[in-house]
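Listed below are the residues making up each chain.
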Amino acid sequence: DIQMTQSPSSLSASVGGRVTITCRASQRIRNDLCWYQQKPGKAPKRLIYAVSNLQSGVPSRFSGSGSGTEFTLTINSLQPEDFATYYCLQHNDYPWTFGQGTKVEIK
Amino acid sequence: QVQLQESGPGLVTPSQTLSLTCAVSGDSISAGGYYWSWIRQQPGKGPEWIAYIHDSGATYYNPSLKSRVTISIDTTENHFSLKVTSVTAADAPLYYCARVDYYGYGLDVWGQGTTVTVAS
Chain A
10 DIQMTQSPSS
20 LSASVGGRVT
30 ITCRASQRIR
40 NDLCWYQQKP
50 GKAPKRLIYA
60 VSNLQSGVPS
70 RFSGSGSGTE
80 FTLTINSLQP
90 EDFATYYCLQ
100 HNDYPWTFGQ
110 GTKVEIK
Chain B
1382 QVQLQESGPG
1392 LVTPSQTLSL
1402 TCAVSGDSIS
1412 AGGYYWSWIR
1422 QQPGKGPEWI
1432 AYIHDSGATY
1442 YNPSLKSRVT
1452 ISIDTTENHF
1462 SLKVTSVTAA
1472 DAPLYYCARV
1482 DYYGYGLDVW
1492 GQGTTVTVAS
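Each protein sequence line maps, in turn, to chains A and B. Residue 70 in this note's numbering sits at position 61 of the first sequence, and the numbers go up by one each step. Residue 1462 in this note's numbering sits at position 81 of the second sequence, and the numbers go up by one each step.
Hints in this document: simulated from the structure, not taken from any laboratory. Some clues are possibly wrong.
In the EDC-like style, the derived pairs of lysine to aspartate or glutamate whose C-alpha atoms are separated by at most 16 Å in a straight line are [as the list claims (entries may be wrong)]: (1) A/Lys51 to A/Glu90; (2) A/Lys54 to B/Asp1482; (3) B/Lys1447 to A/Asp10.
Remember, predicted model here, so these are calculated numbers, not experimental data.
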């Protein structure tokens, strides 16, 4: 299985601040990576697909980058509604695997 | 706008079989050639992908669960289902159904999730 190592596992940030979350794959996954946001009691919501493509309706303060085995989700100008847990998903090889999550909390 | 809604028993006895259904609304499950998937999640952990199915009947399973799970689809009822046999506490608590992106870019539409408790 491809292991997705996400870091950090949690972080504190201020409203208006910038957040960077990293996912490292145990092998190359081309551009087969998505980012999801999950709030308590809710289903994950896709933010980014194919590494850097913004899901329709998702604010432009979210962006994704990376290649090969290292990928990044960046949130600029953090808003109160962005405090949540974020996951990456690789769908390059079976079984599809998620990262362990990064919880973004208010500082 | 397609919507997915999971349903299940809520409580299942250890060693028994868990049966879940995902009702698809807003579109035909067999229109558009989508794949349909099940995912589960334990508290504080990343989701775990279980399986997916196409309306043609093509399936793919997570090898770690393949011996105990079966995914099926009913195009007349517009839903798909999951069965997990020989359940234990490790099979709790939260199951989601989701649609695979048409172009294969992961999972784009999710249901709200259904909670499963394994207890006698």
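For this structure, which hints from the list above don't hold up?
Violated hints: none; all satisfied.
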